[in-house]
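There are 2 protein chains.
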Amino acid sequence: MDPELSARRGEWLAIAESLKPALLETRHAPVSIVSVERDDAAFQGWSVRRPDSADSLASRVLGGNEGVTLDFGAYLVGHLTLRAENVERPPGAPLRLRFVFAERPAELGESFDDYRGWLSRAWLQEEIHVVDALPATVRPPRRYAFRYVRIEVADHALPYKVRLSDVECTATSCIDTDDIPPLSPDVPGDLTEIDRVGCITMAACMQTVVEDGTKRDRRMWLGDMRLCALANYATARRFDPIRHCLYLFCGLTDDEGLNSACLYEHPHPVRGEDEIVDYSVQLAPTLLEYAEASGDFATARDLCHVAFRQIEIAFADCDSRGVFTNPKGKWVFVDWNPDVLHTEAAINGMIVACARAAARLAMLCGEPDAAARMTTIADTMADGSRGRFLDETTGVVVSGPDRQVSYASVAWLTIGGVLTAAESRRAFLELFGIGDAIRPVTPSLTHHVVQALFDCGLKDEAWATVRSFWGGMVERGADAFWEVFDADDPMRSPYGSPLMNSYCHAWSAGVVHFIRRAYPPD
Amino acid sequence: MDPELSARRGEWLAIAESLKPALLETRHAPVSIVSVERDDAAFQGWSVRRPDSADSLASRVLGGNEGVTLDFGAYLVGHLTLRAENVERPPGAPLRLRFVFAERPAELGESFDDYRGWLSRAWLQEEIHVVDALPATVRPPRRYAFRYVRIEVADHALPYKVRLSDVECTATSCIDTDDIPPLSPDVPGDLTEIDRVGCITMAACMQTVVEDGTKRDRRMWLGDMRLCALANYATARRFDPIRHCLYLFCGLTDDEGLNSACLYEHPHPVRGEDEIVDYSVQLAPTLLEYAEASGDFATARDLCHVAFRQIEIAFADCDSRGVFTNPKGKWVFVDWNPDVLHTEAAINGMIVACARAAARLAMLCGEPDAAARMTTIADTMADGSRGRFLDETTGVVVSGPDRQVSYASVAWLTIGGVLTAAESRRAFLELFGIGDAIRPVTPSLTHHVVQALFDCGLKDEAWATVRSFWGGMVERGADAFWEVFDADDPMRSPYGSPLMNSYCHAWSAGVVHFIRRAYPPD
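Here the protein sequences come in this chain order: A and B. For what it's worth, my numbering labels the leading residue of the first sequence as 1335, then goes sequentially. For what it's worth, my numbering labels the leading residue of the second sequence as 1335, then goes sequentially.
Incorrect hints may have been included.
[Unchecked claim] Far from chain B, by Cβ distances over 12 angstroms, these chain A residues were calculated:
1) S1352
2) S1387
3) T1415
4) E1460
5) P1475
6) R1550
7) D1551
8) F1573
9) K1664
10) G1830
[To be verified] Which chain B residues stay away from chain A? Per the calculated CB distances, all over 10 angstroms, these:
11) S1454
12) A1456
13) S1499
14) F1573
15) H1600
16) V1604
17) T1633
18) I1772
19) R1851
[Said to hold, decoys possible] Straight line, CA to CA, 20 angstroms or less: simulated SDA-like cross-link-like pairs of lysine to any residue:
20) B:K1495 with A:E1400
21) B:K1354 with B:E1726
22) A:K1495 with B:E1607
Simulated from the structure, these hints should not be mistaken for laboratory data. All of these numbers come straight from a predicted model, not from anything done at the bench. For every residue, glycine included, the Cβ atom is placed at its ideal position computed from N, Cα and C.
With the hints as constraints, model all of the structure from the sequences given.
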């Protein structure tokens, strides 16, 4: 890495620290007492019934092994407090409470003890909390992401009864939702609902950093941050929290100049171990989008050489034809579908797109030499990709020895401008007719498919995708948008259990950007 | 109740608050890493093996579902802290730790999930503690009573390894053990060991109040407090913490003037619901012993009328012969053996003993009228008891329609002076020959048996009892003295599970008083 850039990392981390946003707190009470019941017709097999208003909590008492499930009526990220008091008898023993915080009803229906997925069980939001003396204000220690909370007396032999009251969530975000302008009344109802849930997702994920998921995993990943930032630029337009994130990423660049795909914020900022080609090269468009939205070109100038470096690192792994062949076996993500999706066409299109963004960034930052280098990389790789992935006879885009056809390939070659608009339209229309074309499973890739459809003029198809994908989540009761959504497989999970999926995930918030851009406010 | 006394309760609680002792903190590190193994030859079926020194902890790393058991080498009451750091990989998930704090090895061997006893499971010292970010200082939230702690990664899928270090217990007591004078070198070795464990028990139970048990139930019960106070007077002689307790008890007297058998200290002092005849009448000797040990007759004068009132309340339930027949069905405790022990003889002897203590207290407080009333009650009841419980022909003391013979009956009629010393000696010697005589199971009743043996001149038998009972606990590895001990039944429990028994119990500390009184320091 350029020794000068390397030396600046400490300075950038200090700037990041100074930009750490304050969290706004809002207070929320539960709206109803519910029961979660097995229902094969419901999403993931569990439905919520509302037997009672939350006001009735004060008149209930719980005995041993009894509990209550509260519905806050909306998705929240924050801390819970409640009062617990003994009734009928003195508090002759501590009170052992079990809390389960749930984003989705299935988290309340299924037993966490049966979880056998391959991510840490610690992400499942369960607390055993023992209160020594009553009455007491009880505050489970962690921050939780939830709409529902189940509170149980985890003790068969409680020697008194318990009354719970004053249940309240102090929710946090660095976004004041009052800053989000109202949608134009021209927006159709279904898109209005998608925008509403998207704004909730964006605000929930924007804590002191943009968290990828508020339940799991709370790290900041560059790709998730980018799409959430787009939703922010289209709504609340709070730029300093994003600037904070950009300085963190650049401050944690490694000695080779490689951007960190993800980082840990606590107890102090640390680079994550994962290196993802996608999230390295996307630093350039992320920085460009920030500068263009905010007008803060000083930050762009300060950090742009880190972004250029990512493109150069990727280009160094291209073959003589200008095709990125991943000779070092790095992690190429594209979508949460690693056993199925062939990613080569997509990642090449993505690098081209990012190199073009880098070139534009360089021009705006007054770096013509860098702009020229980035343009050369983009053009060279675009030529290589075109030759390798586009079947000019059929107009189909293919990837890999099995000539796999996927939305990922077409989307990214479109965004990169590897195809002409007409070629992209033809490739998409061919794709729509191929039954076994590999479809996106994440809102992240789906976002880029929508972007590509808009880019090549397939506007109706873009909105249809928004409606079927984000609208499909809304139809299934999404309170925030999810990490993974497969309309055909409600139990789909990258982790061996849908309990482990994040149901408020930053990379799904970008849909707001499309809606707000298409329907500008008056 | 005397309206004047009633009005003073608030004042007494304020005095109590002003006397609340500061807690001294001492820091302790574990001494070894152990394993707890099934061993039918060991007490309660579990033995501890010491595979490693605690220093080796730093070189160990734990993965998913792995754990370590630490032995602090001594009984402690306090808070645990430790450092946890991820090794080998970044901390890609929270760390879900399970702690089990154990007084006895069986608490580590048996599963708490199988516990089906009838006291609250919340007393079993288990914590599930999730740490969001590493490295971290981890502090399980409650105060624990333990010698051993098991720390487990309660997660099959931990994505990194964990190193634990700097494990430390900050133990608390209001007693500075440096204030305990050394034992006379004349004390035999086995009694020295009993004294050592007794002093540990006394200091551990003396927190801001005298807790009956440091693991369970942490309330203050008058009978437990009395015997622990005797150990304190014989050793550290810290009188203000006991004065604090006396003011709390009297401040929580009910509107009828009845002393509370137990009280809750937190979140603010509250009278417990249980009314125990034993613990009502024993306020008089407790106050007398405090005044005689400390010389603080001002406190005795302030509170003595509450003590007299307890005797009068009990006497009001006596029949025309002066026998307490418990017409209101109150709780008469005597020993933790309610289904077996017939308590009538014992409780009558106890009331007589306490009335005699009240009479002496009255004289010392300059209350001759009260002294006369107390003496009349004692004499009347002694006559009644003698006629009802002593078979003058055989010299045997009996209780109930089945003429049950028990240590409890003889001990309390002896302490009350209902029998002459010669009659007591004869009754005890008869008792020793009766195979099915009901023996004590608690250190509390055993303490009073020892007292009675000394009182009637059976000194050898008194020491033999100390050696077999407290020495029996020492032989079985007691680090502090227990709530219940039955040499013939290691699993004996008043609560359906020996896991729930307290293994550091205030009422067992009084043995120190006998040893120190018999072997005064130079």
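Compute the least Cβ-Cβ separation between S1352 of chain A and chain B, then decide whether it is above 12 angstroms. 21 angstroms, holds
Interface exclusion of F1573 of chain A relative to chain B, criterion Cβ beyond 12 angstroms: 27 angstroms, holds
Are all beta-carbon distances from T1633 of chain B to chain A longer than 10 angstroms? 27 angstroms, holds
Checking a non-interface call: every C-beta of chain A should be farther than 10 angstroms from the C-beta of A1456 of chain B. Is that right? Per Cβ check, A1456 of chain B is inside 10 angstroms of chain A; nearest 4 angstroms; violated.
Are the Cα atoms of K1354 of chain B and E1726 of chain B separated by 20 angstroms or less? Not satisfied, since the Cα-Cα distance of roughly 50 angstroms exceeds 20 angstroms.
Would you check whether the claim that D1551 of chain A is not at the interface survives, using Cβ distances to chain B and the 12 angstroms cut-off? 7 angstroms, violated
May I ask you to check that H1600 of chain B keeps its beta-carbon over 10 angstroms from the closest beta-carbon of chain A? 4 angstroms, violated
Looking at S1454 of chain B again, its CB stays over 10 angstroms from all of chain A? Violated, since 3 angstroms does not exceed 10 angstroms.
Verify this label for me: V1604 of chain B is non-interface relative to chain A, using a Cβ-Cβ cutoff of 10 angstroms. 7 angstroms, violated
Cβ separation check - K1664 of chain A to all of chain B, threshold 12 angstroms: 18 angstroms, holds
Beyond 12 angstroms from every Cβ of chain B: is that where the Cβ of G1830 of chain A lies? Per Cβ check, G1830 of chain A is inside 12 angstroms of chain B; nearest 9 angstroms; violated.
Claimed clearance of chain B by T1415 of chain A, with the beta carbon kept past 12 angstroms: Consistent with the label, T1415 of chain A stays out of reach of chain B, its closest Cβ about 15 angstroms off (over 12 angstroms).
Comparing the model with each earlier hint shows violations of hints 4, 5, 6, 7, 10, 11, 12, 15, 16, 20, 21; every other hint is respected.
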